[in-house]
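Could you put the whole structure together from the sequences, leaning on the hints where they help?
Protein chains in written order, with this note's numbering: chain A, 1 to 382; chain B, 1 to 305.
None of these hints come from the bench; they were simulated from the model. Note that CB positions come from ideal geometry on N, CA and C, so glycine has one too.
A few chain A residues that don't get close to chain B, going by computed Cβ distances all over 10 Å:
1. G65
2. T69
3. D292
4. R326
5. D363
Below are the EDC-like pairs computed for lysine to aspartate or glutamate, each with C-alpha atoms no more than 20 Å apart in a straight line:
6. A/K318 with A/E370
7. A/K131 with B/D193
8. A/K152 with A/D74
9. A/K152 with A/E176
10. A/K77 with A/E3
11. A/K29 with A/D182
12. A/K75 with B/E198
13. A/K152 with A/E120
14. A/K77 with B/E198
15. A/K318 with A/D358
16. A/K152 with B/E198
17. A/K29 with A/D203
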Amino acid sequence: MPEFLEFRGVAKRFGAIQAVDDVSLEIRKGEFFSLLGPSGCGKTTMLRLAAGFEQPDAGRVFLDGRDITGLPPDKRKVNTIFQSYALFPHMTVRDNIGFGPAIARRPKAEIRTEVDRMLELIRMADQADKKPGQLSGGQKQRVAVARALVNKPDVLLLDEPLAALDLKLRQKMLIELDLIHDQVGITFLYVTHDQAEAMSLSDRIAVMNGGRIEQVGAPAEIYESPRTSFVAAFIGDTNFLEGRVRSCLEADYCRLAIDGLPEVVSFNDKGLRPDQPIYLSVRPEKIHISHDRPEDKPKRNFVPGVVEDVIYLGSNTKYWVRAGGRRIQALRQHDRYFLDEKPIRWQDECWIWWHADDGFMLDHFRRDDEALLAAPPQRVGD
Amino acid sequence: MTTRPIREKLKRFGFGPVSRRRTEWLVSLPTVVWLSLFVVVPTLLVFVVAFRPANPYGGIGRGWTLETLRGLAAPGLLTIAWRTLWMSLLTTVISLLLALPAGYTIARAPARWRNRLLLLVIIPFWTSFLVRVFAWKALLHPEGPVKRALAALGLVGPQATLLYHPAAVVLVMVYTFLPFTILPIYAAAEKFDFRLIEAARDLGASPFRAFRKVFLPGIRAGVVTAVLVVFVPSLGSYIIPDLVGGPSGEMIGNKIAQRVFTDRNLPLASALSAVLVLAVLAPLAAILALQRKGKKSGIVIGEAP
Chain A
1 MPEFLEFRGV AKRFGAIQAV DDVSLEIRKG EFFSLLGPSG CGKTTMLRLA AGFEQPDAGR
61 VFLDGRDITG LPPDKRKVNT IFQSYALFPH MTVRDNIGFG PAIARRPKAE IRTEVDRMLE
121 LIRMADQADK KPGQLSGGQK QRVAVARALV NKPDVLLLDE PLAALDLKLR QKMLIELDLI
181 HDQVGITFLY VTHDQAEAMS LSDRIAVMNG GRIEQVGAPA EIYESPRTSF VAAFIGDTNF
241 LEGRVRSCLE ADYCRLAIDG LPEVVSFNDK GLRPDQPIYL SVRPEKIHIS HDRPEDKPKR
301 NFVPGVVEDV IYLGSNTKYW VRAGGRRIQA LRQHDRYFLD EKPIRWQDEC WIWWHADDGF
361 MLDHFRRDDE ALLAAPPQRV GD
Chain B
1 MTTRPIREKL KRFGFGPVSR RRTEWLVSLP TVVWLSLFVV VPTLLVFVVA FRPANPYGGI
61 GRGWTLETLR GLAAPGLLTI AWRTLWMSLL TTVISLLLAL PAGYTIARAP ARWRNRLLLL
121 VIIPFWTSFL VRVFAWKALL HPEGPVKRAL AALGLVGPQA TLLYHPAAVV LVMVYTFLPF
181 TILPIYAAAE KFDFRLIEAA RDLGASPFRA FRKVFLPGIR AGVVTAVLVV FVPSLGSYII
241 PDLVGGPSGE MIGNKIAQRV FTDRNLPLAS ALSAVLVLAV LAPLAAILAL QRKGKKSGIV
301 IGEAP
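Next comes the structure, spelled out in structure tokens:
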């Protein structure tokens, strides 16, 4: 599929802050594309560049092959759903949705049909004459969606549209947004800091940090094979293990020397050579934990340790294990919690293990990104 | 409710159990007394005096008469009433046209600039109103700087007079009332969510249409206040037309003053004042009625949505 919305070498600075730093990005037609990153990473600026609210200092923006860089917002076939919804408080739901067509001076009867169709889509036909002040958060959100979609934009821009909703409503709206995307088939550019939202909705995600794109890929790709320590740490949680390549005897697998741990085997798709420094990321849920030493199997790494903390989380339990002078977090799901024969407790000696394919070697590692990880609870005297 | 502690206190002072309605009434009693004493009673007195005969010594005679009301039909008065109306309307429109962009700009200015700009709006208040009107008289004087500059540019003839003309009155009235117009509009604009303008632009509106369709309705309360604050005092203007207006720029206020000071006919002055009060109250009552009706139908004028 060819690119539809394209950023080419785009940069934007606000005072001393480089909000967007030489970003190139291609979004395909009909795609649900997410920009994911912490606040201040430049994702909203990217959206505003696409909408025309900001002009880039450098670079161009293309829509369907046309350079739209200099066009004001009203001349672009893109519409935005604002985080605050920005519904017009003095207009009814009907007039809010009909605002775009009315501005475009479309015939009254046509506007009426279009608005009715939209009210049907968001299932709010009975609320058409209410003012935004009389609506709940979720209803406002749906009106904002309808008000944008009625203009049949080429791209729908969504700026953290669910951030103002509570958890249960957010989950409901998430499903609705997904359904609407399927129904209308418009390209969605979705900005969020919530990885769960991005993961569950997106065809592809671009993870942004400090005005740059760290990685672009499908949700599973981003989660399972993060390229940088930032992506690994920002999305989900992980353990970073720092070491060096010892040997690469087997094809595609390497033996690694990691301080304080026994030799670790890991999948090598990076063409690593012996003696190269490496950073390994292993997700907590890939690390198994048990009292007894597990069965020896090829490509299985195991490490003895002592349980330092047990945090029961409901659907699973997190164990902080001290092994070789470092703290490693492991998650365990319970089959039958109350029947587990010998629960793993604080200060128990235990084994943790993971498969060589479940560790992932990062291309880039920054020490600062460790701050994004869950920290073990601090005990008095630690 | 805020009235509860007061109700408790009233009970303690022996007022016995009082209904919610009555406590609310008691709370607003001081305001009601104040307004009655200093607004309602004097206004009613003016209305009453209008039905009294004048006595030859400039005072109020005995008995009742409708003679004064007939005096209102004097031929010159209608012209002046009409002039007062259109000059006040013009002043209101010009003030609004200037205050809207000014209020918008101040509200959108960076925070550290906002206070400086507001200060500039307020600074004229630090000088006496009378002194400022006299300053305009000097500026517009045939030998004054404005006239000379315009004449030098060939925009006005050497014989033209800027003073003593309705235009001079409107100019000085706009100058006087502009800060009062800017402040309520700024106050409304400052609370306005400017993301709504972005939303309107995003939906295809040009900057002007976004201003008209979203910004103006959004600051409606401020606009209504601004209109009242300019239009009502304009109708009653006295000093400005007196100093810069001349005979062709006279307004009702001047006529009332002449009845008092020159003719020493207090009943006629009262009748004129009463007509003016009614003329001011009528639009206010209309707005209030519209508001009350609007609350039912969803159209609200002069109130934040």
